[in-house]
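Undergrad: Sequence:
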Amino acid sequence: MLKALIVEDEEDIKQLLLEVLEDKGYQVLVAGNGEIALQRIGEEMPDLIFADVFMPVMDGLDLISRLKENPDTSGIPVVIVTVMNARDTEKKAKELGVEHYLNKPWESAELDLVLERVNKLNGRGR
Numbered sequence: 000m001l002k003a004l005i006v007e008d009e010e011d012i013k014q015l016l017l018e019v020l021e022d023k024g025y026q027v028l029v030a031g032n033g034e035i036a037l038q039r040i041g042e043e044m045p046d047l048i049f050a051d052v053f054m055p056v057m058d059g060l061d062l063i064s065r066l067k068e069n070p071d072t073s074g075i076p077v078v079i080v081t082v083m084n085a086r087d088t089e090k091k092a093k094e095l096g097v098e099h100y101l102n103k104p105w106e107s108a109e110l111d112l113v114l115e116r117v118n119k120l121n122g123r124g125r
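Going by numbering that gives the first Met the number 0, the sequence shown opens with residue 0, and the numbers climb by one from there.
Everything labelled a hint here was simulated from the structure, so no lab data went into it.
Be aware that a few hints might be false.
What the hints assert, rightly or not - Using 30 Å as the maximum straight-line C-alpha spacing, the simulated BS3-like pairs for lysine-lysine come out as follows:
1) K90 / K103
2) K90 / K13
3) K13 / K67
4) K90 / K2
5) K13 / K119
6) K119 / K90
Said to hold, decoys possible - Pairwise CB distance ranges, derived in the manner of DEER restraints:
7) D22 / P70: 27 to 37 Å
8) E94 / P70: 11 to 21 Å
9) R65 / E98: 12 to 22 Å
10) K23 / E43: 16 to 26 Å
Note that CB positions come from ideal geometry on N, CA and C, so glycine has one too.
Model the full structure from these sequences, guided by the hints.
TA: In C-alpha cells, the structure reads:
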C-alpha cells in the first residue's frame, strides 16, 4: 500500500484529501505544517507528499527545500496544493523540482490526473 503525506493547515481541505486518498487505497499520514511533516517523515517515509504552500511555522516551499537537500527524501514526489496561482510561487516551486500542482478547490478528475502522472513517473501505474 502506498503512503501519502498531506501537509495542510486547513482542516476541511486536509480531511477531504484524506478521504479521497484513502478511498483510492493510500495509507494517509497528516501534518499541519512543514515542521510536523519533517517529524512524520522521520518516523514513516511516504511515497508521495501533498503540501500546501502557505502554512504557519514552516511553509510548503521551505519544506520542499529541506526535502530536496536530504538524499533520503529528495526523490519523494511532491504535489503543491494551493489556492494561489502566483507566478513567483510557481517559479520557486519549479526551481525546487516540483512538477505537480493541485489548485484549491480541485475537481475529482484533476486529482486523478495528478495521481496518474505521479504514479507513472515513479513506475507505479495504478
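Undergrad: Hint compliance check: list the failing hint numbers for this structure, sorted ascending.
TA: Every hint satisfied by this model.
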